[in-house]
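Chains as they are written, first to last, in my numbering: chain G, 1 to 478; chain U, 1 to 478; chain W, 1 to 478.
Be a bit skeptical, because a hint or two may be false.
[As the list claims (entries may be wrong)] Restraint-style ranges between C-beta atoms, simulated for each label pair:
(1) Ala260/W - Arg25/U: 55 to 61 angstroms
(2) Thr191/W - Asp89/G: 32 to 38 angstroms
(3) Pro18/G - Asp188/W: 44 to 50 angstroms
(4) Gly246/U - Pro208/W: 39 to 45 angstroms
(5) Ala260/W - Arg229/G: 38 to 44 angstroms
(6) Asp327/U - Pro86/G: 45 to 51 angstroms
(7) Gly129/W - Arg340/G: 55 to 61 angstroms
(8) Pro86/G - Pro353/W: 39 to 45 angstroms
(9) Asp89/G - Arg314/W: 46 to 52 angstroms
None of these hints come from the bench; they were simulated from the model.
The beta carbon of each residue, even a glycine, is placed where N, CA and C say it ideally should be.
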Amino acid sequence: MPTTPWVLSPDRCFSGEPGRRALARELYGRVKELPVFSPHGHVPPALLADPSARLGTPAELFIIPDHYILRMLVSQGVSLDQLGVPARDGAVVESDHRAIWQRFAEHFHLFRGTPTGLWLAAELVELFGVEERLTAESARRIYDHLEARLAEPDFTPRALLDRMRIELLATTDAATDSLDEHRRLHTDGLTRVRPTFRPDALLALDAPDWLGQVARLSAVAGVEVVDYRSFIVALEQRRAAFKALGALATDHGVVSPYTAPMSDGEAEALVARALRGEASADDAARFTAHMLIEFARMSCEDGLVMQLHAGSLRNHHHALLSRFGPDKGADIPLATEWTRNLRPLLNAYGADPRFRIILFTLDESSYSRELAPLAGYYPAVLLGPPWWFHDSVNGMRRYFDQVVETAGLYNTAGFNDDTRAFASIPARHDVWRRVSCDWLAGQVVEGLLAEDEAHELAGELAVGLAKRAYRVMEGGAP
Amino acid sequence: MPTTPWVLSPDRCFSGEPGRRALARELYGRVKELPVFSPHGHVPPALLADPSARLGTPAELFIIPDHYILRMLVSQGVSLDQLGVPARDGAVVESDHRAIWQRFAEHFHLFRGTPTGLWLAAELVELFGVEERLTAESARRIYDHLEARLAEPDFTPRALLDRMRIELLATTDAATDSLDEHRRLHTDGLTRVRPTFRPDALLALDAPDWLGQVARLSAVAGVEVVDYRSFIVALEQRRAAFKALGALATDHGVVSPYTAPMSDGEAEALVARALRGEASADDAARFTAHMLIEFARMSCEDGLVMQLHAGSLRNHHHALLSRFGPDKGADIPLATEWTRNLRPLLNAYGADPRFRIILFTLDESSYSRELAPLAGYYPAVLLGPPWWFHDSVNGMRRYFDQVVETAGLYNTAGFNDDTRAFASIPARHDVWRRVSCDWLAGQVVEGLLAEDEAHELAGELAVGLAKRAYRVMEGGAP
Amino acid sequence: MPTTPWVLSPDRCFSGEPGRRALARELYGRVKELPVFSPHGHVPPALLADPSARLGTPAELFIIPDHYILRMLVSQGVSLDQLGVPARDGAVVESDHRAIWQRFAEHFHLFRGTPTGLWLAAELVELFGVEERLTAESARRIYDHLEARLAEPDFTPRALLDRMRIELLATTDAATDSLDEHRRLHTDGLTRVRPTFRPDALLALDAPDWLGQVARLSAVAGVEVVDYRSFIVALEQRRAAFKALGALATDHGVVSPYTAPMSDGEAEALVARALRGEASADDAARFTAHMLIEFARMSCEDGLVMQLHAGSLRNHHHALLSRFGPDKGADIPLATEWTRNLRPLLNAYGADPRFRIILFTLDESSYSRELAPLAGYYPAVLLGPPWWFHDSVNGMRRYFDQVVETAGLYNTAGFNDDTRAFASIPARHDVWRRVSCDWLAGQVVEGLLAEDEAHELAGELAVGLAKRAYRVMEGGAP
């Protein structure tokens, strides 16, 4: 089988209509090289905190930790054992990374028409200089090529941070995290890497390890948590510690965005019950509903932007969870109700000028029905970009088409990549920039925006809106 | 800052693909000047009943009463006080209309890519002859220009009725309205302005002013309401009074389109309880569910078309309601179930040739799932055009794409503008005509319609379908 | 009125953008003549089992049995009596088939912009050689033409099977069917016609005729059903009988895809209660939820592919059901929850390599939210093509846009026509082939697929994916 050159279209993601394409190209030309502002994601801070950290083998970089890749391969009958994913029970899994890569290459056609395929192509070709298409036949040569690149000093995580033009990178960190790595980054002057405060595990009152979580909170906060009041104080202390290391935001992942306030008395009784190990699943749900409002109150006070990601039913497949743990690709979205659920929180703080909340959904039917109307009224509400399964060419188009007419662009929060896959960050921002420029070009061609407006908005979509959303830049408008 | 001319594209809302655009232009050329048929909206009848009525200042015309504008400005931190919206508590609000206009102009970029922006541009440029773009810098000059225009006799509401080529304009009026203004319009020969019967307030059994509403009903109907039976008689009397003044339709706004019949005995007991001031929220919901079926029965008898608008959770923000009252931009849609909810009503009257019901949704996911299938089967059901948040370029495109293949065009009710903003009526119908012609052109270019069919359907979409839907023109087809 | 020639665009369903259209045409050119693989549908086997069967009059072929046609005509006030649909009470209905055809022709404009209109045009023009448009005026001439064609030997069902290039045709048959017709087809060597096992009626424990169904099951299976255990044995026996006659799959139609396992003891008690005639609606729902998992278990054992069609509320209109029976066009979709409902079934068998389940929805909002994520993870899950109301040009486009990026193409099941209307089969597959080639062309033009990939995928979409899905061809990928 002869080698097929791997050539990416310079016009990818652009409409085929020549007038629109020409303008999209022009708009994109002005923003493609702008620095990357990445205010929400899951890159492990250790990767950057430790100057000697490396990205690992091609299999470790591209396959083993990436749940987008794993799920697609699993869906076509490849097992996680065959992909070298460590089993919880310590069972032997594939350890030959060349064999893992070969298996991946043999199934690479599965990613046709998917954003994962698009990102991988851009990473391999543009970042790593691969020149032939990935196939079963070329797999070995490409592995050798990648291995050689990854050994070069230009491909250490810290070197890539510059080469990928990353201006700011927020990680996501447990509220109980020691922040040692972020402290080291700070000390080393890498202040563009920021922590994000994520307290989810502390709200799961009924989880087997909740008391352990609380013990860690007490220890790391230096506040002994013995009741609801000390729990709140400890959380506030942690938020302050995160903020001192540059945190811009908090992050909250919930199955449903249900909010409902409790009286202090109720909250105290509930936490007392939980501290005795007697909380139920219903208690945990009610506590979360209350604490979301409480976190909104804290955001008003300390200025951290609140991010709310709702609607993922985690660990749908029990066998996968017990064998390989969470975040392996078996999280499935649910229909999500926002209008009634957020009403208590928004009535309390939605018009407070100190408050900002960014909403992320996995239920696209709520874009035009609930989210755009909420963002188009409440001063505190912005809409996050298309999230996870919807971070894709068509996902972005649906977002623009369903959100902007009601919410306006200025009530959106620009883009964030939300990824663990460090080396994929530029590719993800690039897809967003391409699709947003193509969308703006469409608006101009259809007589709905002036060309100068489109130029201005291309910059806003690429970085401005995200900086404003996370309060790195002032003002809600140019 | 130099002046930027404000030039609207003659091809706005048309696809950029040249073949499609050329045909869209041709189709639109034949319908753009057709009279405006506006069978549903919220223009205050006083505006037209009183020959001396004026449109007010530019702020009074464009900003203060328009909840689309208010909500977007509020969402970016402008307060209603600053926009001169009267507070319920009589607090002092901005009274300098030039300052209000200036504030609006400074935030005009918020409306980029929104239908509100599109309507405003068309109104200012095409109706009022503004020639430079609205910016902070040009705001004052444009205010002067508008003020001068509004003082001219050509810009009185009655003069505009002709100039805007309005063939029929339906207002929406409480069932207890005296109809004095409509009587005056009738007397003055302005019979193209029609009332619409809206009895919602009489169904809210648990509302604090329900007994007051009933008292007004008794007075205006000349029927003392003392029980369920006299309540029904009074409503029927009012429908007759509306009809005598040219009403074509009734209108019903509900949170959910839940319908369920009650026996006479149950209804009697319920109304008796309510008349004693003892009705609950649940009673009100059950009563509404019953009365919708009862109104369908009345429609069979008197021929008034029934309009059902479902799915808006009114007054989401309590503080706004208490400070400024309803209809200020804080109504948020809900997911809406139609299939099970309408089943009792449609089983009772859905196949009755005397009955017609037009359904309006804020939940676009129900277009292809529930509404198009219902309209594509029941003889009585038509689908209203994209409503409120979906009255937009993309909202219309989604409507055509999701509705027509299942319901067919002839089970839709054409367009209505549903607006309080009198001077925006032509702009709204113009967007519909443009988008529908572009959609038809797309169908022809893709070989799905013949060109002669598209020409015929352009006229149907512009006015024919609406006239048939509201029984001003006979027949369900050309 | 002069005759208007009926010319179908050779480029119908293709985008108007010239570059995309040219490639769509090229892709389509290579697949348009491929044999038709039809793994799911409702053609009566008698039509093919009996060599003397004929398609009947034009009214019998195109109108009377087609609920797509009936519902649209009913929606505009034509009654089923006027269309010659037999009434259950034996009342006299229209028996003049020329009059029925005339009525249909007079309303043919209703089908503008609908897939039914597109299929009818292709059938009449391409299969039957009609040359002028169907109108009230041409109706009679066209009837004569069709009548003449239908009398020719080329237009017998068996002749059409060849002429329409049908490689495989699956019917849908009650689990209690004698399979006599399929046995005759087998004997006659027509093994490309296959039965499909559909046991729905046996799960409706509360239906008046359930005991009758069980009696038929006992008789046809040769297993006396006296309890849960013998019920299961009888079902397994029937599946084996279907499989022996070439069945590839089972089919299950449910209102909701709710699954929940029962213990053997519970199931035994429930069936015992039902056999005493004491089962409730709730019992039936719980039994269905259990049996779906049980059928998955059987699929693992016998290799029949499980098809699950969920979300239709059958017989929405009681009067229609009582007068004319089911399947007359009054089935209305419901919102459908898949994530939680399928979890028990998928946790039991979703990763079993022997199991395959194909999911069909009428709720498009679940494509990107639930179905694509499920198919993109579970090895057993594939997504069926757009079903019923969504089997249309735009329905297919929404499907591609909302499904592929998350599920990938290889987790879809290709196309099936799901039709009772035998002569419409080629037209339906043709629309799919056209729309899928146009979609692939769009992907190439936008730089998201290589041209060689698009060529390969065009063949997959036309037949390959369907053959793999139903295990007629091996492997999940080329």
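Consistency of the hints with the structure:
1. Ala260/W - Arg25/U: 55 to 61 angstroms: For Arg25/U against Ala260/W, whose Cβ atoms are near 58 angstroms apart, the range 55 to 61 angstroms holds.
2. Thr191/W - Asp89/G: 32 to 38 angstroms: 48 angstroms, violated
3. Pro18/G - Asp188/W: 44 to 50 angstroms: 57 angstroms, violated
4. Gly246/U - Pro208/W: 39 to 45 angstroms: 52 angstroms, violated
5. Ala260/W - Arg229/G: 38 to 44 angstroms: Given range 38 to 44 angstroms: holds, Cβ gap about 42 angstroms.
6. Asp327/U - Pro86/G: 45 to 51 angstroms: 59 angstroms, violated
7. Gly129/W - Arg340/G: 55 to 61 angstroms: 59 angstroms, holds
8. Pro86/G - Pro353/W: 39 to 45 angstroms: The hint (39 to 45 angstroms, Cβ to Cβ) is violated, given that Pro86/G and Pro353/W are roughly 23 angstroms apart.
9. Asp89/G - Arg314/W: 46 to 52 angstroms: 47 angstroms, holds
In the structure shown, a violation is registered for the earlier hints numbered 2, 3, 4, 6 and 8, in ascending order.
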